[in-house]
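Here is what each chain is made of, one letter per residue.
2 protein chains.
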Amino acid sequence: MESVIRVNLEQMSYDIAIAPGSLEKLGELITPLQLGQKVLIVSNPEIFHHYGQRVITSVEKTGFEVACCTLPAGEPHKTLETLQKVYDLALEHRLERSATMIALGGGIVGDMTGFAASTWLRGINVVQVPTTLLAMVDASIGGKTGVNHPQGKNLIGAFHQPRKVIIDPLVLKTLPEREFRAGMAEVIKYGVIWDGELFTHLEQAQRLDQMQFIEPSLLQEILQRSCQSKAEVVSKDEKELGLRAILNYGHTIGHAVESLTGYTTVLHGEAVGIGMVAASRIAVKLGLWGEDCDRRQLALIEKAGLPTKLPTGLNIDDILTSLLTDKKVKNKKVRFILPTEIGVVTITDQVSSEVIREVLQGMF
Amino acid sequence: MESVIRVNLEQMSYDIAIAPGSLEKLGELITPLQLGQKVLIVSNPEIFHHYGQRVITSVEKTGFEVACCTLPAGEPHKTLETLQKVYDLALEHRLERSATMIALGGGIVGDMTGFAASTWLRGINVVQVPTTLLAMVDASIGGKTGVNHPQGKNLIGAFHQPRKVIIDPLVLKTLPEREFRAGMAEVIKYGVIWDGELFTHLEQAQRLDQMQFIEPSLLQEILQRSCQSKAEVVSKDEKELGLRAILNYGHTIGHAVESLTGYTTVLHGEAVGIGMVAASRIAVKLGLWGEDCDRRQLALIEKAGLPTKLPTGLNIDDILTSLLTDKKVKNKKVRFILPTEIGVVTITDQVSSEVIREVLQGMF
Ligand SMILES: NC(=O)c1ccc[n+]([C@@H]2O[C@H](COP(=O)([O-])OP(=O)(O)OC[C@H]3O[C@@H](n4cnc5c(N)ncnc54)[C@H](O)[C@@H]3O)[C@@H](O)[C@H]2O)c1
Ligand SMILES: NC(=O)c1ccc[n+]([C@@H]2O[C@H](COP(=O)([O-])OP(=O)(O)OC[C@H]3O[C@@H](n4cnc5c(N)ncnc54)[C@H](O)[C@@H]3O)[C@@H](O)[C@H]2O)c1
Ligand SMILES: [Zn+2]
Ligand SMILES: [Zn+2]
Numbered sequence: 001m002e003s004v005i006r007v008n009l010e011q012m013s014y015d016i017a018i019a020p021g022s023l024e025k026l027g028e029l030i031t032p033l034q035l036g037q038k039v040l041i042v043s044n045p046e047i048f049h050h051y052g053q054r055v056i057t058s059v060e061k062t063g064f065e066v067a068c069c070t071l072p073a074g075e076p077h078k079t080l081e082t083l084q085k086v087y088d089l090a091l092e093h094r095l096e097r098s099a100t101m102i103a104l105g106g107g108i109v110g111d112m113t114g115f116a117a118s119t120w121l122r123g124i125n126v127v128q129v130p131t132t133l134l135a136m137v138d139a140s141i142g143g144k145t146g147v148n149h150p151q152g153k154n155l156i157g158a159f160h161q162p163r164k165v166i167i168d169p170l171v172l173k174t175l176p177e178r179e180f181r182a183g184m185a186e187v188i189k190y191g192v193i194w195d196g197e198l199f200t201h202l203e204q205a206q207r208l209d210q211m212q213f214i215e216p217s218l219l220q221e222i223l224q225r226s227c228q229s230k231a232e233v234v235s236k237d238e239k240e241l242g243l244r245a246i247l248n249y250g251h252t253i254g255h256a257v258e259s260l261t262g263y264t265t266v267l268h269g270e271a272v273g274i275g276m277v278a279a280s281r282i283a284v285k286l287g288l289w290g291e292d293c294d295r296r297q298l299a300l301i302e303k304a305g306l307p308t309k310l311p312t313g314l315n316i317d318d319i320l321t322s323l324l325t326d327k328k329v330k331n332k333k334v335r336f337i338l339p340t341e342i343g344v345v346t347i348t349d350q351v352s353s354e355v356i357r358e359v360l361q362g363m364f
Numbered sequence: 001m002e003s004v005i006r007v008n009l010e011q012m013s014y015d016i017a018i019a020p021g022s023l024e025k026l027g028e029l030i031t032p033l034q035l036g037q038k039v040l041i042v043s044n045p046e047i048f049h050h051y052g053q054r055v056i057t058s059v060e061k062t063g064f065e066v067a068c069c070t071l072p073a074g075e076p077h078k079t080l081e082t083l084q085k086v087y088d089l090a091l092e093h094r095l096e097r098s099a100t101m102i103a104l105g106g107g108i109v110g111d112m113t114g115f116a117a118s119t120w121l122r123g124i125n126v127v128q129v130p131t132t133l134l135a136m137v138d139a140s141i142g143g144k145t146g147v148n149h150p151q152g153k154n155l156i157g158a159f160h161q162p163r164k165v166i167i168d169p170l171v172l173k174t175l176p177e178r179e180f181r182a183g184m185a186e187v188i189k190y191g192v193i194w195d196g197e198l199f200t201h202l203e204q205a206q207r208l209d210q211m212q213f214i215e216p217s218l219l220q221e222i223l224q225r226s227c228q229s230k231a232e233v234v235s236k237d238e239k240e241l242g243l244r245a246i247l248n249y250g251h252t253i254g255h256a257v258e259s260l261t262g263y264t265t266v267l268h269g270e271a272v273g274i275g276m277v278a279a280s281r282i283a284v285k286l287g288l289w290g291e292d293c294d295r296r297q298l299a300l301i302e303k304a305g306l307p308t309k310l311p312t313g314l315n316i317d318d319i320l321t322s323l324l325t326d327k328k329v330k331n332k333k334v335r336f337i338l339p340t341e342i343g344v345v346t347i348t349d350q351v352s353s354e355v356i357r358e359v360l361q362g363m364f
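Those protein sequences? They're chains A and B, same order as listed. Start counting the first sequence at 1; every next residue gets the next number (UniProt numbering). Start counting the second sequence at 1; every next residue gets the next number (UniProt numbering).
The reader is advised that the hints may include incorrect statements.
Which copy? The list can't say, so a pair holds if one copy fits it or any two copies do.
Stated by the list, open to error - Straight-line alpha carbon distances no greater than 20 Å define the calculated DMTMM-like cross-link-like pairs of lysine to aspartate or glutamate that follow:
| no. | residue 1 | residue 2 |
| --- | --- | --- |
| 1 | K303 | E177 |
| 2 | K239 | E10 |
| 3 | K38 | E60 |
| 4 | K173 | E60 |
| 5 | K61 | E28 |
For the record, the hints were derived by calculation from the structure and aren't laboratory data.
Isolated chain A (complex conformation) (with noise of 0.2 Å):
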């Protein structure tokens, strides 16, 4: 069972290779890119203590002079000041142009790895080997890397295309079951907004909300269709001009929502399952699909175990205020990426605050 998909653009094309196993053939895997002999492992201190000796061992084999860097987890730490270590190894290790740092990990790690990659001598390579199924159909792909400012999520990065994106689903085994979940909010995503086929094998699955409940094979079809929307969706807008935009699907109201509860009561994952579930009402509000579509993906969204509803204690108005702050405000009117059919989104800054306000009062 292998799935390789092109990420399309030009001189910085890519492959996401997935596969199960494929974490012992990290070493092999890379080999082909040409890479210079050093590397820098970049993870964190649970994942590295499951993964890192197997990735240390397959990338030794091969060749290369590796490090390793251990960054604290959790998205407090996703800092400028954090990814100071990752500078001082890249030193201390004296990683040239031709070097590589890998990330072994979620998209905490990712992201800020591949800043780190952009950054130092002003870009070198790197692999994205995601750990966490949201980093396997999202985060690892598509170039976008950075940092929080003390006062908002990924205000500082640069966009740094990794060389390649390796994935192998056995990791998620060691997954917690929430943030396995909290992944499959992004799948549902890709359903909702590209692949419909992908929407509708989610709806036969019988269950969505554990790994161990998932055939292999569904798993694999999960990863290589969601893997392919992303691909499609940057190769066609890198830069984030235009469709792109897109894959914002949710995040809307799943921003303020993570943001009003300080990033730590609720999971990206699930506030974009609550976004999403917003983003369908509104779009039923304003005659753009139909009650059944909504109920499909609601029940979807159920399936996987995510929440539906806006955690208590919530200001409605405060999620006014929030929108409004985002950084992908333009000229002050928030623009929502709404549901027009399974696949199917259109873009759109005509929502008014009454409707929002009428749709946020029923998710209680």
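With chain A held as given, fit chain B with the ligands onto it using these hints.
Just chain B with the ligands now, kept in the frame of chain A:
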């Protein structure tokens, strides 16, 4: 007296506008770029004191919403930590993706502002308004941006092209003379590596060591030809994959001198001057160019009032070691840019330590 030079980089192309008095016209000059409304002027206290108000007035007059940020002067402050101040103001002033940072200062302000603009929201506009001779003819053009690592210069950075470079030669009146001479080293560099006519025109000048002794028309020509040289080289090799390396003429040994003297006693341009003297002598020893050319270059460097000897106290073994730790070192071979005739250089990594040592020994 007005020159406009185009830097050709496809969609990233931009103009360098050189004209006395352009500081007062800054607002008009950037209006055609269709920038967003918000502008953040980044400078340092000294430069801002001289020119800040003029820039603010001009930019506000044309309808921009302006905020300002001054960073502490000096190489030790060219760090990620100092950048935090720019990011804080970017957040406070709510800079959106269409916003613009204006770098009003020398290479330090330019490099930091460029890097901040490159990484804020993964890239916003930057306009370079260089106020030192060095920044005018070199640092402001070509999109190299960055900050220092505590243990190495410019190790953290990005390529980020400005939307425009605006040069007002009149600001050089307040520039310390020593800084002016340091910038002249880079001017002479262009004469040696690219523009032989510039070299002969410099030879014809009465003096080159102080702004006040240089005819405005010659100064305009110096700026124009230097910028043109840099623009041509950069246009041919944006990401420093090949040709652009020739801009490092004099910088190989120059960087070693800077690094060993702690970046405090010797200015960058002074170190480059010393490095050019050394490179020229190496070229003579290798039979690449003649004693006469070597003498002509030396005379020019002396006329610019620049040092041509190594600082006392430097140890030659330390210089050799330092050469090997430069970030441009590939496969442990030091790469030299060596002149073959006035206006032409070649790149080689075939210079033996013995030759380097011999040349350096003759430079105390
Ligand atoms: N760059 C992008 O395009 C993009 C897209 C979406 C999200 N993101 C970013 O990704 C981040 C979220 O990423 P995430 O959801 O992967 O969270 P994460 O990186 O914080 O990982 C979640 C948790 O799971 C643990 N973990 C990861 N893999 C594991 C494994 N295989 N076994 C056991 N434990 C494991 C981690 O240690 C962590 O505690 C956010 O910072 C977000 O901004 C980036
Ligand atoms: N990006 C590039 O391609 C590039 C190229 C060369 C150098 N650089 C960088 O540029 C930096 C050096 O720049 P620099 O030589 O311009 O030094 P600088 O920026 O430190 O300025 C020199 C001094 O002159 C003062 N000053 C500047 N303009 C003035 C004016 N008009 N009137 C009065 N005082 C003024 C400054 O306050 C400062 O004290 C280094 O950090 C170097 O790495 C970058
Ligand atoms: Zn997301
Ligand atoms: Zn220089």
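(request) If the cutoff is 20 Å on CA atoms, where do K303 and E177 land: within, between, both or neither? Let me know, please. (result) Intra 14 Å, inter 73 Å, cutoff 20 Å: intra-copy only.
(request) Measure nothing new, just compare the shortest in-copy and cross-copy C-alpha distances for K38 and E60 to 20 Å and report within, between, both or neither. (result) within (10 Å within a copy, 50 Å between copies)
(request) State whether the alpha carbon distance between K239 and E10 is at most 20 Å within one copy, between copies, both, or neither. (result) The answer is both: 13 Å in one copy and 16 Å across copies each meet 20 Å.
(request) Classify it for me, K173 with E60: is the Cα-Cα distance of at most 20 Å met within a copy, between copies, both or neither? (result) neither (25 Å within a copy, 58 Å between copies)
(request) Check K61 against E28 for me: Cα-Cα at most 20 Å, and say if that holds within a copy, between copies, both or neither. (result) within (9 Å within a copy, 60 Å between copies)
Hint 4 alone, counting from the list given before, is not met by this structure.
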